[in-house]
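J.: Given next are the chains, with one letter for each unit.
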Amino acid sequence: MKSYYLGIDVGSVSTNVVLLDEDNKVVSKKYLRTQGKPIRVLQKGLRELRQENDEFRIKGVGTTGSGRYLASIIVGADIVKNEITSHAIAALNYVPDVRTILEIGGQDSKIIILKDGIVTDFAMNTVCAAGTGSFLDRQAARLGLDIQEFGRLALKSKNPVRIAGRCAVFAESDMIHKQQLGHNQEDIINGLCDALVRNYLNNVGKGKEITGPIVFQGGVAANVGIKRAFENALNTEVYVPENHDVMGAIGSAIMAKEKVKKTGKTNFKGMDISDINYKVKGFECSDCANMCEVVEIYADKKIVARYGDKCGKWTNKLKNNNDEQLA
Amino acid sequence: MKITFPHMGNVYVAAKALLEDLGNEVIVPPKCSKKTLELGTKYSPETICLPFKINIGNYIESIEKGADTILITGSCGPCRFGYYSVIEKEILHDLGYDVEIIVFDPPDGKPMELVKRIMKATNTKNVAKILRSLVRGKKVLEKVDELTDIANKKRPRAINGYEVDMIIDEFHREVRKVYGVEQIIDKIKYAREKLENVEIEKNKEVYKVGIVGEIYTIIEPFVNLEIERKLGHLGVEVDKSLTPTKWVKHHLFSGPIGSKEENKKIEAAKPYLKAMVGGHGRETVGSAVIYAEEGYDGIIQLLPLTCMPEIVAESILPAIQRDYGVPIMTLIVDEMTGEAGYLTRLEAFVDLLKKRKEDKNIEKLLFGN
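From first to last, the protein sequence lines stand for chains W and V. The first sequence: position 19 = 19 (full-length UniProt numbering), numbered continuously. The second sequence: position 123 = 123 (full-length UniProt numbering), numbered continuously.
Because the hints were derived from the structure by calculation, they are not lab data. C-beta: ideal position from N, C-alpha, C; glycine also. You may find that some hints are simply not true.
Just the calculated beta-carbon pair ranges, DEER-fashion [unchecked claim]:
hint	chain 1	residue 1	chain 2	residue 2	range
1	W	176	V	142	51 to 61 Å
2	W	179	V	294	25 to 35 Å
3	W	237	V	295	35 to 45 Å
4	V	271	W	170	37 to 47 Å
5	V	176	W	145	22 to 32 Å
6	W	262	V	357	15 to 25 Å
7	V	90	W	236	46 to 56 Å
8	W	282	V	142	36 to 46 Å
9	V	117	W	289	29 to 39 Å
10	V	90	W	76	54 to 64 Å
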C-alpha cells in the first residue's frame with residue numbers, strides 16, 4: 001500500500017486538497033468551490049481522492065487557509081499553519097531560489113519576499129479586496145464571460161483602455177462607461193487586468209523590493225492576461241508553477257511531512273471522516289455586551305469543538321474533557 | 001454630579017481613582033464591546049477615525065447608566081483629535097442628551113481658563129488638594145501600567161498563558177466594584193501577586209516585538225483586537241512605544257520641555273523625518289528606530305483607517321526596515337476589521353521572526369561570531 005501526505009487549504013472561495021508522495025510530487029489534487037460549506041466540500045474532496053486512487057495510507061496531514069482551524073478539527077491535523085508560510089514553503093519546493101511570490105486568491109492577495117530560502121518580508125491586502133480574484137470573478141460575470149476565457153481574451157487586445165481599478169464598485173462603473181463609449185470587449189478586459197495589477201503593486205506591493213525569480217500563484221495565476229500584465233509592469237518574466245492553484249495545500253502537506261518526521265506519528269482521524277455526519281450549530285452568548293457568536297461542531301451528535309468566544313468560557317468548558325487547544 | 005470619561009486602556013482605573021479621591025461620583029463606561037462600537041458607528045461621521053466612534057459609544061453607554069458630566073482631554077495638535085471634543089459635543093446635543101462636557105485643552109495662552117475647568121470638574125477650589133490627588137492618580141496609573149507590562153512579559157513564558165488572561169480579566173472586573181485610591185491599589189497588588197505566581201517554562205525562547213503607531217489604537221485592547229494577548233500566546237513579548245503613563249509624563253509632568261523618552265524619539269526620527277506631521281507620526285518613526293537599535297526581533301505599526309499622521313509614518317517605515325534589517329508590519333483597524341485575517345497576519349509575522357532567528361543562530365554556529 002502506498003503512503004502519502006495530505007494537504008488541505010480551506011479558503012474563502014476554494015477548498016483545495018492534495019496528496020503528496022515522499023518526493024513532494026503531487027499524486028492527486030482537488031480544487032473545489034467552498035460555497036460557504038467548508039465541511040461538506042472538504043468531505044467531498046476526500047471522498048473523490050479516495051475514489052480516484054488505489055488504496056493508500058496517510059502519513060501526515062496539514063491544514064491552512066482561513067478555515068484551517070475548522071479543517072484541523074475535522075481531520076485531526078498534525079500541523080495548522082497560516083497561508084503565508086504555506087505558500088512560501090510550496091514555492092520554494094518548485095523554485096528553490098525564488099525571491100518574490102505574488103499570490104492572488106479569492107479575497108486575499110499577498111506578496112512574499114524571500115532571501116536565501118527564508119521569508120524576509122510579506123504583505124497582505126489590508127482594507128479592500130479590489131485587487132483579488134473575487135473582483136475579477138464579478139467583472140467576468142458582468143460581461144457574461146466565463147472566468148477561464150477572460151485571460152485569453154485580454155491577450156487579443158490591441159488598444160489600451162485605462163480603467164479606474166481602485167475600488168471594485170467604481171471599476172464597474174468605469175467599465176460600463178468605457179463599454180458605452182464603444183470600446184472593444186478584449187480591450188476593456190485587458191484594461192481590467194492592467195488595473196488589477198496596478199492596484200496590487202500600489203497597494204500590496206508598496207515599498208517592497210520586487211526582484212526575480214518571481215513566482216505567481218493562487219487561483220488568479222491561471223489568468224494569462226494578468227500574468228502578462230505583471231510581466232509588462234515588472235519588466236521581467238513571471239513563472240507560474242503547474243499546480244499554482246493548490247500551492248497552499250502543497251505547502252501544508254510538506255510541513256506535515258516534516259512535522260511527522262519529528263513526532264513519529266500522525267493525528268489523522270482516517271479517510272472515513274468523509275462519511276461522518278458533521279453539523280455546525282451556533283448561538284449568540286448573551287452573558288456580556290460582546291455578544292460573541294459561539295460555534296459548535298457536532299460529529300454525529302457529539303460535540304467535537306466549540307470556539308468563537310472572546311472570554312474563553314465556552315471553549316474552556318469543553319477543554320476540560322477534551323484537550324484540544326483552539327485559537 | 002456624576003462624571004464619566006471615554007475609555008483608553010488602563011486609563012479608567014487612574015481616572016476613577018483620581019476623581020473619587022476628590023470626592024466625586026464616577027461612572028466608568030462599560031467595557032468597550034461590539035455594542036459600544038455599533039452605537040458609535042451609528043452616530044459618528046462615516047469616515048472619522050475609529051477612536052472617535054468608540055468615544056461616542058462610551059458616552060452613550062455611560063449616560064444610560066446615569067452620567068451627567070463628561071470629561072475629555074483636548075489637543076491643539078494638527079490631527080483630527082483636536083476637533084474631537086467640538087464634534088462630540090454637537091453630536092450628543094443633537095441626540096438630545098442633556099450633559100455637561102468639560103474639555104481639558106492645553107492652556108494656549110489662557111492658563112486660568114484651564115484651571116477654572118479643572119476646578120469645575122473636580123468639584124473643589126482647593127488647588128493643593130487637586131495637586132495631591134493628581135499625584136496619587138498618577139501613581140495608580142503607573143501601577144496599573146506596570147501590571148500590564150508584567151502580564152505581557154509573563155504570557156509568552158507561562159506554561160499556560162491563558163492563566164495570565166484570567167488574572168487580568170478578574171482584575172478589571174473587580175476594580176470597578178471598589179472605591180478610591182487605596183482600594184484600587186489593593187486590587188492591583190492582589191493581581192500582581194497572583195501574576196508573579198504564574199508558573200513559567202524555563203529557557204523558553206521568546207521573541208520581542210515593539211508596537212508603534214497611533215496612541216489610542218496601541219493602548220485600547222478592544223480596538224487593537226487584543227494584540228498583546230494574541231502575540232503573547234504566539235510566544236512574543238510585547239513592548240508598547242506609548243502607554244498612558246508615558247503620555248502623562250510627557251504632557252502633564254514634564255511641562256513645555258517634554259519627557260526625556262519622547263525627546264529621544266524625536267531625535268531618533270531625525271534622519272528620516274525632521275518635522276512634526278501631526279499626532280504621533282514622528283514618534284512612530286522614532287520609536288521604530290529605537291526598537292531596531294535595541295535589537296528587537298520585529299516591529300508592528302498599528303493605526304486606525306484614515307489616520308493621516310500614521311500614513312506618513314507608514315511610508316517611511318520601509319526605509320527603516322531596509323537600513324536596520326528588522327521586519328516591520330503595518331496593521332490597519334476599523335469597525336470592518338475581520339479578526340481571522342488579523343490573526344493570520346500576526347501568525348505569519350511571528351513565523352517570519354522565528355525562521356529569521358533560527359537562521360541567525362545557525363550562522364553563529366557556523367562562523368562562531
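J.: I want to verify a distance hint. Is the separation of the beta carbons of residue 262 of chain W and residue 357 of chain V within 15 to 25 Å?
T.: Holds - the Cβ-Cβ distance for residue 262 of chain W and residue 357 of chain V, about 19 Å, lies within 15 to 25 Å.
J.: Can you let me know if the beta-carbon spacing of residue 90 of chain V and residue 76 of chain W is within 54 to 64 Å?
T.: Because 57 Å falls inside the window, the suggested range holds.
J.: Is it true that the C-beta distance of residue 282 of chain W to residue 142 of chain V lies inside 36 to 46 Å, as the hint says?
T.: Between residue 282 of chain W and residue 142 of chain V, where Cβ atoms are some 43 Å apart, the hint holds.
J.: So the hint says 35 to 45 Å: do the beta-carbon atoms of residue 237 of chain W and residue 295 of chain V match that?
T.: holds, 39 Å
J.: Assuming the hint says 25 to 35 Å, is it satisfied by the Cβ distance from residue 179 of chain W to residue 294 of chain V or not?
T.: At 57 Å between Cβs, range violated.
J.: Take the C-beta atom of residue 117 of chain V and the C-beta atom of residue 289 of chain W, compute their distance, and say whether it sits inside 29 to 39 Å.
T.: With a Cβ separation near 31 Å, residue 117 of chain V and residue 289 of chain W satisfy 29 to 39 Å, so the hint holds.
J.: Is the gap between the beta carbons of residue 176 of chain W and residue 142 of chain V within 51 to 61 Å?
T.: Holds - the Cβ-Cβ distance for residue 176 of chain W and residue 142 of chain V, about 60 Å, lies within 51 to 61 Å.
J.: The hint says 37 to 47 Å between residue 271 of chain V and residue 170 of chain W; measuring C-beta to C-beta, is that right?
T.: Holds: the Cβ-Cβ distance is about 39 Å, inside 37 to 47 Å.
J.: Given the hint of 22 to 32 Å, is the C-beta distance from residue 176 of chain V to residue 145 of chain W inside that range or not?
T.: Taking Cβ atoms as reference, residue 176 of chain V and residue 145 of chain W lie about 59 Å apart, which means the hint is violated.
J.: Range first: 46 to 56 Å. Now tell me if the beta carbons of residue 90 of chain V and residue 236 of chain W are that far apart.
T.: holds, 54 Å
In summary, the structure is inconsistent with hints 2 and 5 from the numbered list given earlier, while agreeing with the others.
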